[in-house]
Amino acid sequence: MATIKLDNIKKSFGKTDVIHGVDIDIADGEFIVIVGPSGCGKSTLLRMVAGLETVTSGEITIDGAQVNGVEPMDRDIAMVFQNYALYPHMSVEENMAYGLKIAKTPKAEITERVAEAARMLQLEPYLKRKPRELSGGQRQRVAMGRAIVRKPKVFLFDEPLSNLDAKLRVQMRLEIKELQSRLGITALYVTHDQVEAMTLADRMVVMNGGVADQIGAPLEVYSNPQTEFVAGFIGSPATNFIDAALVPDAPKGASKIGIRPEHITLLPSGQGKLSGNVVFTEALGAETLVHLRMNSGTETFTVRQDGAMDLPVAGDPVGVDWGADDEMAFNDKGRRV
Amino acid sequence: MEKRVTFKGWLLPMCLLMPQIIITAVFFFYPAGQAIYQSLFIPDPFGLSMKWVGLGNFEYLLGDSYYRASFVTTAVFSILVTVTSMGFALYLAVLADRLIKGSGVYRTLLIWPYAVAPAVAGVLWLFMFNTRVGVVSWYLGLLGYDWNHVLNEAEAMGLVVVASSWGRVSYNFLFFLAGLQAIPKSVIEAAAIDGARFWTRFRTIVFPLLSPTTFFLLVVNIVYAFFETFGVIHTITAGGPQQATTILVYKVFSDGFVSQDLGSSAAQSVILLVIVGALTIVQFKFIERRVHY
Amino acid sequence: MARVTQDGMVEKRGVGHYFTHVGLIIGVLVIFFPIWLAFVASTVTQSDIISPPMPLWPGDQFLTNYSKALTSGINAPVASMLMNSFVMAMGIALGKILISLLSAFAIVYFKFPGRRLFFWLIFLTLMLPVEVRIVPTYEVVAGFGMLNSYSGLIFPLIASATATFLFRQFFMTVPDELAEAARVDGARPMRFFWDILLPMSRTNIAALFVILFIYGWNQYLWPLLITTDPSMNTIVMGIKQMFPSGDDYADWPVIMATSILAMLPPVIVVVSMQRLFIRGLVDSEK
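Protein chains in written order, with UniProt numbering: chain A, 1 to 337; chain B, 1 to 293; chain C, 1 to 286.
One chain only, chain A, in its complex shape:
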């Protein structure tokens, strides 16, 4: 159990700066998800916490102790890798026990802890198998098991679910969340998948180009994004952006207005704040996505409608409207007005 503190962390590879000063305070037992597109520096940040990358400047503190120069093994962390990094020549049991064996844990205790982790993860029938004899989901569990048996202060997850198929991903997501809250171990989780981030996080860190754009609870980030990037990245389908000049009553200083697809209502042509034509519709059952081309120019708009509603078809002219509270205004630097 531990708190983690990142204080103005910077990282450069040679002359390239990849992380420009990140501050995060993580409370004991908290589940923090770092989310962002590829290349935003999220994995590098995690690897610095793990001790696999050096910190160029700034301070990392775990449980009040500065760990910048401390070897990974002495940080009391456990890590789950994207490709699992299971030792191919060792059985499931040996994979999980390896760290404990190095730490010279008594044999009886190793057996007990591995058995407990195996039970938790339903791996008991597979203990004697080699990784290559397991399915993707099972390998993922072994990687989790290897982290659990260590009883670390901190769990680090580097995109652990991205090699699984969609259905398994949803299932493992739930299991990870359940396990973490049961064990109460502080977790730092990196992903590029915003749905994963929304569902897992106590708080999430949205990274963009080596900067933490926003840190907050998932719903807070969703409903109150601090930057244009966050507004566009979090939420699916993505937020619609239009030139503030085209929107009646736009706030002062705004250059762009963002409105989420789910906050828009369709009206007959000529009514509402803007008008356009339907390009095509995607019926997904519970909901239907209506794609519009606005009369103002080339902008396209996505509108999310209840699947049961009577909807316009391609070519129909329509008007769109939204509540003033749902308007998110950004200045020309992309910051929230």
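Careful: at least some of the hints might be erroneous.
In the DSS-like style, the derived pairs of lysine-lysine whose C-alpha atoms are separated by at most 25 angstroms in a straight line are [as the list claims (entries may be wrong)]: (1) B:K8 with C:K111; (2) B:K8 with A:K101; (3) A:K153 with A:K104.
Read the hints as simulated data drawn from the structure, not as lab findings.
Model the placement of chains B and C on the given structure of chain A, informed by the hints.
What follows is chains B and C alone, placed relative to chain A:
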């Protein structure tokens, strides 16, 4: 290709490298340096002192008709060995590739001569063609052909070429078979549907697609003929008759150890060094290209 | 060449199929013939051989000839030559694998000053056979008093980088995350090497062992130079020493028995470890 380097420290990696560095320095770099150094001197007749001659040894060698003859011998020998062993191997590989199953059995039957040392191969072939007891030479005699590789230069060359090629067939066969099996069957089937008969298909489709393997084997076999056939020559002909089978490597040995002409032998070593270097570069250029395919 | 029949466009059927087999069998027989003849010669008497043509079917002197070769030979008993060859081949194979594993590990998994330089120094030795530098190498070995010794037979032939290069290539394909996972698990470098890298390299090590064993066993020129004492002769070079210098008849049955004994170990290795052998061959030429 660079790995994310994962461990820190310099003392441990140095210790890990030390055995190889020491062995390489003592038994490779130092002797190679000595060869270059000695190639610039002539020892006096009593071996007490060395006289600096600069490039004199090289000049002498290049003007020496025996050395020039040895160059020609080496060239003829390597070309013959390469062509013989690759030709026979290709013939066998093409046949084996035509089998739907069973090519593995032939592979097992054909690969093991690779394990026979060139020197032992030399003894086997010497026995078959021995002028007094050889089976083959005896039957040749029945046919009215008087085989005598001890006196006849061409026959001596022929015998060392065959003996050197024999074990090499296995090696070439393996690579040719692998190369043939890597050609997509659909390409050959398409040609067959276009009406190309076996020979046409081989000439216009298979052989061009096999050319990376062929080129690779060409270089490797030349290197083999240059440097690894010493045992064959030493056991069968000892370089004779009249130096007709004295290839360059054999001459380094006979000048250095038999005639004790150290300066000349060292200069010859340096020349061989340059040849190996050139062949290595050719091979690497080729590998590079193959990687980019 | 067999004709392409109407129904079998590419794969051979019927008559053509048999032609293929016949062609291959002829090839196999040609390759086999010298060995067969050597085997026959090793089972007959000297008088069978010196009155040509010699028989083409084995005789009844198998035990006599082989036991004579093994126990007394001509200059030295072949049994001791076999032993010397075995020590030399094992020494070269194991020694080269050991130093190469260590140096490849250092070059791939560490960053230290001079890493690039060392890599290139080792790399330079990649293709230079001992034949090219025999005289100075001989002087070095003589200077160390290593003539007629196992270390003299082994060390100069270990000084080449083929194995280092091969292991380097293999280590590069091992995912980085494995080393990182081991670090997180608390493994220090040598522990990682021992517990993870080495077991993962097992197949490569075995394949290389096959190739290097044959390479070591089949050495000729080097043992010829540095073993003047018949008790240190290796079998491959020892055969040549069995020929008389004058006009006398060579003791062919014993020489041929020795030849068969000389090729037996490497042939057994190749045939019994065929898959590893082919893999090693392909890897080491890549």
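key: Proposed proximity, A:K101 with B:K8 (alpha carbon, max 25 angstroms)   = holds, 23 angstroms
inquiry  = Check the hint pairing A:K153 with A:K104 against an upper bound of 25 angstroms on the C-alpha distance.
reply    = Given that 25 angstroms is the threshold and the Cα spacing comes to 19 angstroms, the pair holds.
request  = Assess, step by step, whether the Cα of B:K8 is no farther than 25 angstroms from the Cα of C:K111, and give holds or violated.
outcome  = Given pair B:K8, C:K111 holds - Cα atoms ~7 angstroms apart, limit 25 angstroms.
The structure meets every hint from the earlier list without exception.
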